[in-house]
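**Student:** So the chains spell out like this:
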Amino acid sequence: MNATKPKRQQVPHKLRFTNEDLWGYIFIAAAMIIFCVFTLYPVFSAVYTSFFNYKPFGSEFVGLKNYVETLKYSKFNLFYKAALNTLIYTAVVVPLSLLMSFCIAVMILPFKKKTQSVFKAMYYLPGIASGVALSVVWLWLYDSSPDGIFNRLLGVFGIPAQNWLSSTKTSMLSLIIMALLSSHGVRIITYIAALLGIDNSYFEAAELDGATFFQKVRFIVWPLVKPTTLFLLVTGVIGSFQVFMNAYMMTGGGPDNSTTMIGLLIYNNAFVYGKYGLACAQAILLAIAIAIMSLFQFRLMGVDVEY
Amino acid sequence: MKKIIALLLTCVMVLGLFAGCGGGKTQETKAPKNQPAAGAASEAPAEAAPDTIVIMAPPVTGSYLENLKVWAADFHELYPNLTVQVIETSWGDHNDKLSTTAQAGEAPDIAEISSNALGTYVEMGVAIDIAQYMDADRLADYDANALKYLSLEGTTYGLPLYLTIQSIGANKTMMQELGIDVAKIQKEGWTYEEFLDVIKTGTKDGCYGFVFANSGVTASDMLYMFGAGAGLSNAFTPDLKYTFTSENMLTLLSAIEEMTKSGYMPNYGVEAGQRMVMCQTGNAMIFGKAMPLFEANFKKNNAALEAGDGTAVENSLPMDYAFLPVPTMLDCQESCYGTVDGLIALRNKNTTDEHLKNVLLFMDYICSGERIATCMNELYLDPVCQSGRDALVLEEGRDADNLATAARCIAMVQAPPEGVTAEMTSTAKKLMDEQIVPKFQLLLAGETTAQEVYDHICEAAYAAFGEENCVSGKLG
Amino acid sequence: MATTGLYSQHLHNKKVLYLRNTVIAIILIVLAAATLFPICYMILSGFGPNVSTAGNMRTILPSRLTLESFDAFFHFSDYSLRWILNSFVVAAGAVIGNVIFASMAGYAFAKIRFKGSSFLFALILVAMMIPYQVTQVPLYILMVQKFSMTNTYAAMILPGLCTAYNIFLCKQFFSGLPTPLIESAKIEGCNQFQIFVKIILPLAKTVLAVMAINTFMSSWNDFFWPFLVTNDPSMYTIQVGLKQFKFANETLFAPMMAGATISALPMFIMFFALQKYFMEGVTIGAVKG
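Protein chains in written order, with the numbering used here: chain A, 1 to 307; chain B, 308 to 783; chain C, 784 to 1072.
Isolated chain A (complex conformation):
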């Protein structure tokens, strides 16, 4: 099998490509083609459109106008309010749900195979509930009448009934609780996969040093699942910055825009008000914000910083 190897090397050498380079390109070729056609092309197109007053038949170039309009501060410009809402939502939901998923994944491990699979299934299953069922149930849980499920629950503790989604005091909290109690299946399963990849010899060594359970989690498990945490953190922040469905289904952004997210704003501009160019500009600004956040996370996590 090595016979052909030297021959192959010669061609790329002229192009200053090493064998390694070539293999890299071969491995990513299919992925990159798919990526360029179905992801990168639409992305570039959106960037391009953001400089236009977009109309399906005859857009006009407006330069930076869409960006200026988005960023121009006024009491009635929702962009800043939406940005703040999105930031608060992300800052609470992403770290907490990561922590919860990590803890649950760690807690599932001590059981026997059968029990483990039952638990995994229990945490995975909520993800398969249809979106419609989900929204019906959540609206019903948050029913603000005294008969609402959460209100009855609060009643048990002697707390008065809340006007959940309809009050500015509780609307954001309601969306956050919903996100925290919704499915963690994907994250938990990803964490479990990472946890199972940790070799026992690490723990054996730690045991000889008399490490406690929490020390083992802190000094062995946490550092070793860091790439996974980084992955979940970055994708979690991306998802959370783009959050749209929850606000769209549950509150429509109200009351008093207390749950208006950037994702909702972009959606409204693109498909309700027909200002697609403006929506693109807002999406680009959002992407820049996410990119900065991600870079910060890569630095913070201290692993894998190659870019």
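Note that these hints are calculated values from the structure, not bench results.
Glycine is no exception: its CB is placed at the ideal position from the N, C-alpha and C atoms.
Among the hints, a few may not be true.
[Claimed, not checked] Taking CB as the label site, the calculated pair distances span:
| no. | chain 1 | residue 1 | chain 2 | residue 2 | range |
| --- | --- | --- | --- | --- | --- |
| 1 | B | E621 | A | E204 | 51 to 61 Å |
| 2 | C | A1056 | B | L385 | 49 to 59 Å |
| 3 | A | L173 | B | L485 | 38 to 48 Å |
| 4 | A | I292 | B | E500 | 55 to 65 Å |
| 5 | B | V700 | C | A1056 | 51 to 61 Å |
| 6 | B | D660 | A | K169 | 36 to 46 Å |
Since the structure of chain A is provided, determine the placement of chains B and C on it from the hints.
**Tutor:** Showing chains B and C alone in chain A's frame:
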């Protein structure tokens, strides 16, 4: 150096792939404005050139899409050269799909829209002036009032399917037991004070006199509906000034504030799905928003209760339904809030003059005559075209009082003034969604006062339209 | 070995072990119960009487148990079963594509040092950051205008054939594998392809299973894109089909939930079929030593 070359190479590779795959990014924005040119070119072929008409519609009624396919087939028999393709959408996602396809320049030829979304498509540059593509006497078949909803600045963009009125409904049985003269209210309307008295009478232990589905975006329904009773039927006056800054708005907001604090209606957010259920289970006497159509739901539920087959609403009681007019605020004229749902013609890359004539032929076909009569019977509404009214054979067993009330309310609906531009409607829409409704939600939650909301509305409206273009003082 | 060394502390004391596991189990069950609530509601409504509109159901248990809603689901359209089949084809296509392409790309980004890799990887990440609301319009133009793919499986599968998310996931996983393992294989004369197939893939079963399950789930639950590119009821996926149960003034609620319950079955099967792959960790250390 090596690094830079590598970077350049990857860039080239990416761009190469890019160019190889998509290619035509330029086309997307500069899609040919082929209407005049192609129209002239295709003059040559005879009238009977084959053509396909694409229509996108949601299930307006339970059987609408089924009917549409039958009508499409009938139409094809009438005009063998014309084929109709129906794109079925789902309720609630229709606008998303329509918007996306329209933005992509791939809009269907005909699409169902609600009149308040018209401005968006006009601004997008895809809506088509239909008057030039259909016979004037066919256009005259439609009520001018309904057509106004689908017009901007004197240009008509579509044909109305129906004019729907949104008002309130009630447990007629309970109201009569309490000695309230339902028939009088239905025939003559009522004032806000009378309404307050009635809902006070109706409020008992475990039962609210009035409930309105007002959580989330549905809060705007309450604003529009009671707004009609406060003289705020439209966002603009006939001389094109913005009306929501008038004193009428303050009157309306104060009334709403009073209602939420009265204890005669829930002081918390109520989901859309709950309102009718609350009425049917005896937890509320009057509910909103309500349409004449709900009579069918009540009848169905009564039948289910009688049959005892378990499909009735849980814990519901047998009762009759009364469709009621909205109460009229102090010194205002009685009115009713209405919107039009219609079909509009849209531009796509197949659009030519010849094609548009065919499109309008079909649009007119399904908006008129027996087709629309069938549809209106299901919706408990009156057709808004003469041929539809002529073809209408009323279903058996309709409540005569409700029918008369609906007819009375429809007659009171005030169509939008002429001369409003697409830009004005879209500014008004944005103002409504982003400033007015959010503050209104705050009022409903009891977290602000009517005066504060009013001040905010004025400030926002002045910023959007200029103070000189907004009404101050009372509406004339 | 099912448990890892993380929990070796009380292995010798049966009582403490028992107590500890019981406490953990209780916490896990309580947390799971909260997240399982919607799906229980979905399944139970499906077995309830054929009622319309959702506001009706104020209790979890339906007034009586019956299969009439399932019957109504299957009789709602000629294509009810076809929708499930379509969903299956689309989701399976996405899973296969991602398992092959994303794992290869992920491996390359993690372990092959080639020119421009950081740039290309950063590009992939950045592309993830643009919200789909604005990219779906150009994507739609591409699929419908340029490729004329309306109503095809290809239109539904291709955009999700190799997602940035999965490339990133694989990259993160593979970067945790010991590099000496690969170096030694190279010295033995293996080329990258052989290394990938013979050494990496066997070690990657866990992450591939995770990826397959997650991809299947998200593809199965995707609504808007299939809705956009299908006009023909026979090409709907189940999620698009289920939305047809909603009308202007009423929702055929119970049949819809029955349909959602049926549509959840394949995901169930998928999960149990694949979960053995991440039941036990892959011992990398053994090779590494």
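**Student:** It remains to establish, for every hint, whether it holds in the given structure.
**Tutor:** Now the hints, each set against the structure:
{"no.": "1", "hint": "B:E621 x A:E204: 51 to 61 Å", "result": "60 Å, holds"}
{"no.": "2", "hint": "C:A1056 x B:L385: 49 to 59 Å", "result": "55 Å, holds"}
{"no.": "3", "hint": "A:L173 x B:L485: 38 to 48 Å", "result": "40 Å, holds"}
{"no.": "4", "hint": "A:I292 x B:E500: 55 to 65 Å", "result": "58 Å, holds"}
{"no.": "5", "hint": "B:V700 x C:A1056: 51 to 61 Å", "result": "58 Å, holds"}
{"no.": "6", "hint": "B:D660 x A:K169: 36 to 46 Å", "result": "58 Å, violated"}
Consistency note: the structure conflicts with earlier hint 6 alone.
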